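Asker: Each chain, letter by letter, is given below.
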Amino acid sequence: MRSPLSAPIARDAAIALVIVAVLLAMPLVAPKGLVFVVGTLALHIVFGLSWNLMFGQTGLVSFGHASFFAIGGYFYALVARSFPDLHPLLGFAGAGAFGVVLAIVIGLIALRRSLGVYFAILTLALSQIVYLFLSSFTPLGREDGFTGIRRPVLDMGLFEIDLARGDNYYLFIVLFSTLLCAVVWWVRHSQTGRALRAIQQDPERAAFLGINVAGNRLLAFAIASGVTAVAGALYGPWLQLLTPDVAHWTLSARPILYSLLGGVSSFWGPVVGAAGFAILEYGTRTLHGFSEIIIGSILLAVVLLFPGGILGGLDALRRRSAAPARTAKETVR
Amino acid sequence: MTFDINRRELVKALGAFGGAAAIGSLAAPSRAQGGSIRLGLIAPLSGSQEIVGRYQLAGATIAVNQINQAGGILGRQVELVTRDDKANPAAGVAASKDLAGSGVNLMFGILSSGVALAVAPTLADDKSVLVVSAAAANELTHEQYTRNVFRSADHAYARQRALAKLVLTDFPDTLNWTAINPQTAIGASNWDSFVDGIAQYSQEAGKPAEITEALWSKFGATDYKNEISQLMRSKSEGLYCGVYGGDAVTMFGQAAAYGLTKKFKVIVDPGSEFIIANAMGKNTPPGLWSGFHWYHGAYEGHKINDDLYNAYVKETNDPHPAGYVGETHTSVLAYASAIQKAGSTETDAVIAALEDLEFDSCKGMRKIRKEDHQAICDLNFVQFGPDEGSDKGWKVTGHRIIKDEGVSEAPTPGVPIVFKNKKA
Amino acid sequence: MSGAGTPTVPLLEARRVVKDYPSVKVLKDVDLSVAEGDTLAVIGPNGAGKTTLFKVLSGEVFADSGSVLFRGADVTRMPEWKRVRAGFGRSFQVARVFKDLSAAANVLVAVEAAFRNMPPGPRKLLACDPARAALERVDEALDEVGLSARSRVEAKLLSHGDKKRLELAMSLVLRPTILLLDEPTAGMSPADRKSSVDLIAAVKTRHGMTVVLTEHDMGVVFDLASHVAVLHHGEMIATGSPAEVRENPLVRKIYLGSGAGHA
Amino acid sequence: MVDYVLSPLFNGLFMAMVVFLFTTGLTLIFGILRVLNFAHGGFFMIGAYVAFSVVRLVGGETSMLAYLAISTVAGIVVGLLGLVVERIIFRPLQKVDEAYSLIATYALLLITEGAVKAVWGVSFHSVATPDLLGGAVFAGDLFMPTYAIFIILVGFASYALLEWVLQHTDTGKLMKSVASDPWMAGMLGVNVPRFYTFIVVLGFFLAGIAGGLLLPNQTLSPNLASTFVIQAFGALVVGGMGNIRGTFLAAIMLCVIDSFGSLLFSEVPGLFFYIAMTAALLLRPQGLIAGARL
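Chains as they are written, first to last, in our numbering: chain A, 868 to 1200; chain B, 16 to 439; chain C, 126 to 388; chain D, 15 to 308.
Do not take every clue at face value.
Below are the DSBU-like pairs computed for lysine-lysine, each with C-alpha atoms no more than 35 Å apart in a straight line [said to hold, decoys possible]:
| hint | chain 1 | residue 1 | chain 2 | residue 2 |
| --- | --- | --- | --- | --- |
| 1 | C | Lys-153 | C | Lys-207 |
| 2 | B | Lys-410 | B | Lys-356 |
| 3 | C | Lys-319 | C | Lys-224 |
| 4 | C | Lys-329 | D | Lys-109 |
| 5 | D | Lys-187 | C | Lys-150 |
| 6 | B | Lys-250 | B | Lys-318 |
| 7 | C | Lys-207 | C | Lys-224 |
| 8 | C | Lys-329 | C | Lys-378 |
| 9 | B | Lys-382 | B | Lys-250 |
| 10 | C | Lys-150 | D | Lys-109 |
| 11 | C | Lys-249 | C | Lys-319 |
| 12 | C | Lys-329 | C | Lys-319 |
| 13 | B | Lys-410 | B | Lys-385 |
| 14 | B | Lys-385 | B | Lys-435 |
| 15 | C | Lys-153 | C | Lys-281 |
| 16 | C | Lys-207 | D | Lys-109 |
| 17 | C | Lys-281 | D | Lys-109 |
| 18 | D | Lys-187 | C | Lys-207 |
In case anyone wonders, no lab produced these hints; they're calculated from the structure.
Small disclaimer: the values here were computed from a predicted structure and weren't measured.
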């Protein structure tokens, strides 16, 4: 007998399986342009999920999440260029580790002194520094970006996989992103995740249960940053180029949009949000000059009609259609 | 107030191009239609460079219409498919993949060098060809050379060295130069090429020039006062204003109070074309030489030039087509000649046909080199000045064609360009 | 002051604690001592500094000078969560629970915080399910405070009294050595108040805890407390058994008005 | 001395007043409604475009009076847009979680960019400074464009005016009381929703007039919307979350530091703004002027 406190692993695994199967089959049926968009989407989903681990789960608002995406990307590109013999998986892991270390350093200073909007604006300022650094540091290509990032060959001991060939890198991105999403899912539903949720609800109360609030916030920040850094590292070889734009604040706004659009209180919120956004962008790609107005209007409509995001809105609809009498009774009890 | 009407009409007319293309692309089925040849334009049709994208779209549309009216290529009609790159590398790659996925293997356009450099390495996988119509980065035909990329337009090295040749001819005594440049690779590449030209041609003339260290500003900066103050203290007589487009407008606007344009004897600009004059009107810096992709006034009497110009003016009522109009037009003509020559639209056949292709264009004959896929063509320059009498407030005070006779480097695909004369 | 004649160190002690806020001096050299097994009630009029003393004892704020000792060890600058791990438990004047979580999930957070790293076993680790032992403790605690039937209800939907019970359950699973209760019956109806007093007395006996509470209701104080400390304008003016404090002339003067003198 | 002290100080002060003029409306709306309006830059831009159109309409008139009148017209037009925006967007947002106002105003930013393109096209434009402000003043070696002096004076005057309104008028007292406790103000008979409308219109009016006043300083293009928004957020938060005095001081501090920093470390212009911002947030997380509302 499963406790209602258990994580919904069967349901979520089934949903994930369907999504991954569809994504893996994409190259067989979809045109290349769409496959490229979907590969990018997979990384953006990781980006959104990791941000929401901070916001929806822990209550930390970061306005500078893109800087970790960029840091991971540039770190991997630089390592791959400097040490061409290094195993690419080590490069990706290194990018993640670098993101974690940097997040811990920043978090130790920033999280202690400031929270809420201050933390948000502080991360924004730091990400602007990263952006300016990337756009003026010559070895990283300045405004024009880091060019010629190769898709590596994966040496698996017994055999080799050339990720540069065909759709291999796409498949690699989908599988790796799934793994990163699973990490976020696991953190979110683990004992640590429950503690984070408690902190998000009432940090002071959580502290009086013996929860190390500062430590857990730092942990969430570090995990989210590390996961995003790996996503950034995967993005470099996907585009075969990185420009400082990946650290720009407009990219930092993306995971916020994804999470709020999809719904912050559900694990799947950022997934739905990112997918919705990608559909909007893809759908309006040929409507030159009108895309801003269309995307802006749809976003606005969703916020005004479904506060709580798409999933939150669906949830509310479902509850409303369920027998109202029962809801009332439960409230009374 | 003819000027106002013109501007409004221009915007409206260019908008009409956009709308038509949008509907065209939407209606286009995802598989190649039997018969028609589909060419894919990748241009910044939204975002910060949308103005240029619309010029590119206009040039491409006119070329396609002209070809179709003349019976098409190989008896087949040409269809234009457009994709927006937002002047953003990721969007550019997505656009080229999208085109390849819809069965369009022949692409052209691209304004931003960053986009071109991002798209180039992905083309071989997709079995596509790209003819670059604007992006000028030298790398594209050097260290980032790939077999699938051609450039039918001029490149930074040739244009800036030609500009150096021009100023040394017209102002042989202006030998001390400085610059304000954006911190971009193209900014650095332009300046290095210009210095290379100044050094070589001034030495050949027996009066070696002197180069003062350039100032570097942030791309998209909003305040140039600190830089302008520094320029005002400079000892140089010639100013190379490497900041371009909207940044140049901001810079000259803020510099007006300082009298910057009076301080320097000669001011040159790598390629803002009409942008500075159009935006600044009466405050256009007098005597400003600007690099052009194509200046219609320099080729009056040449049929392709006149037909293109007339078609453009007829559509838009705008008498000042930017060079981008001519360059995308040229790329379509390059494809037309190559497909004619190859008798096929298959990627490998078209690549083979483009190599060593000689064809006529709005600025005369061009030749695409086999080795590095760079076109050798004329370099155009226009001189501007204020015109109190006219509504628009500025006029063209001169124009020049520099023939590419030893201006371009020898082809060295795969190897970075060498600035032999960097040290003055 | 402390447990009669026992030579042991007091469980919790405050020595010459001073706490200032920008405009007012809230605590002036406050001394306090609680022996193991005692139930100490801190009383005093509004604004006497009870809540601030409570915050200093629990670690929510740190004293400006003076010290707080727990089992003789200095904990003056120990953050609250470490004190909790050392054996402190506390409740809030207005019950604070995690409003979007169910009652059971609220208690589970406390259980997992108290018994850190309760690995659910390798097979279930991947599924992130809570450990069986943790779930059992949750059920136990909810049962103890009488909330079993409402375990799945979101905390924000619980009644005021139930929230207080839930908070008590969360404190109990921490197995605190010393439980700090800030106005445990504030805002309750007389009937609720009675059942709360009974509940506190029962859990204290069952778990052998030491309790420090602040309270307005004198009935509650005399029902529960073995010792009483009186705070007035930030100064500790009397301590002792309820009977001693009741007879203290200073206390009578302050509470019953000047000039009342000895009764 | 001039090169390394006075000139960057002057330029920094000028930039500070540009940022401050941009930020006043943002601060007002954030201080009272607690809505962080991402789209503020979009309406600033619309103000600039409206002013540009009026300039063209009157045939490139560059007299001082026309410049001020045109800026006011831009303010009024944008203020009226504010009325519409308040009704259909900000008012419903009051019932929704604060975080959602971010996404809504971001959407609004996109819409303003799209709308500007549809109405005015995508070309670059620029407008000359009025003739009276076209010159420059020399103080020894220090070179000061008249326009920059004018903007600095306007910045200080706007600050003084806003401060006076807030501290010494009934409207100002009302603003402060609604800002600190809207519920209580409602209890005391203030029509809070109508007051919010008034504040949004005023905030948008300030955005529009700033767009008009700063038009000669910038190239006009649809990118103008997001040009100052990050600096503005910096000044707003470093100043202490929505009070005018703090925003004013923060803008001066950040921009002057940046001006000196850019001189010393010219490889990365603009870097010191964010370094100063980070340091200020870490050293004074409560803001320069803590606790004050407006």
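Asker: Is the straight-line distance between the alpha-carbon of Lys-410 of chain B and that of Lys-385 of chain B 35 Å or less?
Answerer: 40 Å, violated
Asker: Sort out whether Lys-150 of chain C lies within 35 Å of Lys-187 of chain D, counting only the CA atoms.
Answerer: Roughly 31 Å between the alpha carbons, so the hint for Lys-187 of chain D and Lys-150 of chain C holds.
Asker: Are Lys-319 of chain C and Lys-224 of chain C close enough, with their CA atoms no more than 35 Å apart?
Answerer: 26 Å, holds
Asker: Is Lys-187 of chain D within 35 Å of Lys-207 of chain C, Cα to Cα?
Answerer: 45 Å, violated
Asker: Does the alpha-carbon distance linking Lys-153 of chain C and Lys-281 of chain C stay inside the 35 Å limit?
Answerer: 38 Å, violated
Asker: Next pair to validate is Lys-329 of chain C with Lys-378 of chain C; report whether the Cα-Cα distance is within 35 Å.
Answerer: Holds, because 33 Å separates the two Cα atoms, which is no more than 35 Å.
Asker: Lys-385 of chain B and Lys-435 of chain B were given as a pair; does the straight-line alpha-carbon distance stay at or below 35 Å?
Answerer: Measuring from Cα to Cα gives roughly 23 Å; hence the hint holds.
Asker: Is the hinted pair Lys-329 of chain C and Lys-109 of chain D satisfied, with a Cα-Cα distance of at most 35 Å?
Answerer: 45 Å, violated
Asker: Are Lys-281 of chain C and Lys-109 of chain D close enough, with their CA atoms no more than 35 Å apart?
Answerer: 19 Å, holds
Asker: Given the proposed pairing of Lys-410 of chain B with Lys-356 of chain B, does the C-alpha separation stay at or below 35 Å?
Answerer: 42 Å, violated
Asker: Lys-153 of chain C and Lys-207 of chain C were given as a pair; does the straight-line alpha-carbon distance stay at or below 35 Å?
Answerer: 26 Å, holds
Asker: Does Lys-109 of chain D sit within 35 Å of Lys-150 of chain C, going by the straight-line distance between their CA atoms?
Answerer: It is violated: about 41 Å lies between the C-alpha atoms, which goes past 35 Å.
Hints 2, 4, 6, 9, 10, 11, 13, 15, 16 and 18, counting from the list given before, are not met by this structure.
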